[in-house]
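Let chain Y serve as the given structure and place chain W on it in line with the hints.
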Amino acid sequence: MAWTILDTKPTWNVTDQQLVARAAYALLENGNFDATGTTFVFGQFAVQEFLDNANLIQERLMKDCAPVVLRATQATTGGQARYALPQDWIHTRRMTWQAQTAGSKAKSLASTDSYQLDHGLLDWERNVADPSVYNEGSDLPTLTVEIAKAPSQAGTLGMLYVPQPVTLDGTGVKLTVPDELESGVFYGTIGELLSSEGEGYDDERAEYCEQRYQLCAEMANALIMGAEAPQQNG
Amino acid sequence: MAYTQVSRAQFRALVRNQLGSGLATSFWRDDELNQIIQEALRFYNLLTAFWKIRATLSTTANTSWYSTPGIITSNMRVSFNGFPMTPVSVYDLDFGRSGWESETTASGGDVPTRPQMFVIGGLNKVGIWPADAAGNNGLVLDGIAVTPILTSDASLVDLGQEDMNSLLDLCQHIAAFKEGGLEFKNSMASFKDFLQAAGERNGILKRCATYRRWLGLDKGRQSKPLKVAEGVGAR
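Chains as they are written, first to last, in the numbering used here: chain Y, 1 to 234; chain W, 1 to 235.
Bear in mind the hints are in silico, worked out from the structure with no lab data behind them.
Nothing false has been slipped in among the hints.
Straight-line alpha carbon distances no greater than 30 Å define the calculated DSSO-like cross-link-like pairs of lysine-lysine that follow:
| id | chain 1 | residue 1 | chain 2 | residue 2 |
| --- | --- | --- | --- | --- |
| 1 | Y | LYS174 | W | LYS52 |
| 2 | Y | LYS63 | W | LYS52 |
| 3 | Y | LYS9 | Y | LYS63 |
| 4 | W | LYS185 | W | LYS206 |
| 5 | Y | LYS174 | W | LYS178 |
| 6 | Y | LYS9 | W | LYS52 |
| 7 | W | LYS192 | W | LYS52 |
| 8 | Y | LYS9 | Y | LYS105 |
| 9 | Y | LYS63 | Y | LYS174 |
| 10 | W | LYS206 | Y | LYS63 |
| 11 | W | LYS192 | W | LYS178 |
| 12 | Y | LYS9 | Y | LYS174 |
| 13 | W | LYS178 | W | LYS206 |
| 14 | Y | LYS105 | Y | LYS149 |
| 15 | W | LYS192 | Y | LYS63 |
| 16 | W | LYS52 | W | LYS206 |
| 17 | W | LYS192 | W | LYS206 |
| 18 | Y | LYS63 | Y | LYS149 |
If we strip away everything but chain Y, and leave its shape as in the complex, we get:
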């Protein structure tokens, strides 16, 4: 059984080459020329190093703020509690289960962990019922979700999840996050470079970059959740 992904990953306008060009200027890697978007002139940092970190930061931003979500569904079998998650899964925003019976509704499942299950739903491993919770806890194999109790009948799992962003490889790939979050990816990445061991080490600017990333993440949360966005403790 596999998930059916109902959406395609959106792309906006900023490309990885634009980020590389911008980084070349910010790190004085353009020499006396316009930045090409494919090379760093002096080699204090490598373009691949930048791209590797940009991929990590974009993924971190996706997990921190869930700016982009996809919908997916999977058929469930009576009595089976564990299901594999999509290969590009990062984070579950919400999960639902709907019985196959005509007229039944898709009910949202609450997130839980095995400790709560073991102490609050003692028979969850032995009996079946309409599931009410899902568990992605650390006691499960990688990329696995468990619903409890196991469904008593066939049905459909629905999920709104945060996918892995498209990998930036320096060929003009567009970011998976909206243009306005570009600064989060850019400064997060530059911060990683400036805090790495080497001649370019600069903890002051690296700390500044981290703050810029945090501000971007907080504002992204505010865009999604409005005035109810939780404040991050800093």
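Only chain W this time, still in chain Y's reference frame:
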């Protein structure tokens, strides 16, 4: 507010003035300043939701979730056939109206006969409750527009004149990043000016921990705690 249209060339010239750097081949190249301007516009839009736009979708029968059009970064309000809808959170619907995704305007009972609420699932996804059973109705989204992209020197951007000063402050600060050291540290004053101006436009920004830390807004509170440890014994 006096709105004006500024071309990229005009904007760049103003940034050069701010930096005291007159030549296109000097420390800051034209291409570099173009990118700094674009970054500044996007950051400004993120902090203040400055540019807004409207998009219209056609509903699909019995469908709860819709993809936000690519011209919108984030939805602010949604209306259905001219009737405004109420914003709610995913949590509100999931735990206040269990099974909401399966309800349509034809469900009957206590389910309304036209969509009443909208929910933001992500920046690319908006949900409505109840789903429109008939389809082919108008769903109008008002939201934050994708920041204008200045592709050439003649490209124009809508800006209030009073916004230019704070944007120039931001551009100066971004440009100083590559200098590092004292020059960059000194430019933090410009950055704070910019943040203050952005905070005037968007109150939500003032709740951000990072924003408050940068502007030192909590220092006074920390130095004057409301509760003082009581001493033991007679008062």
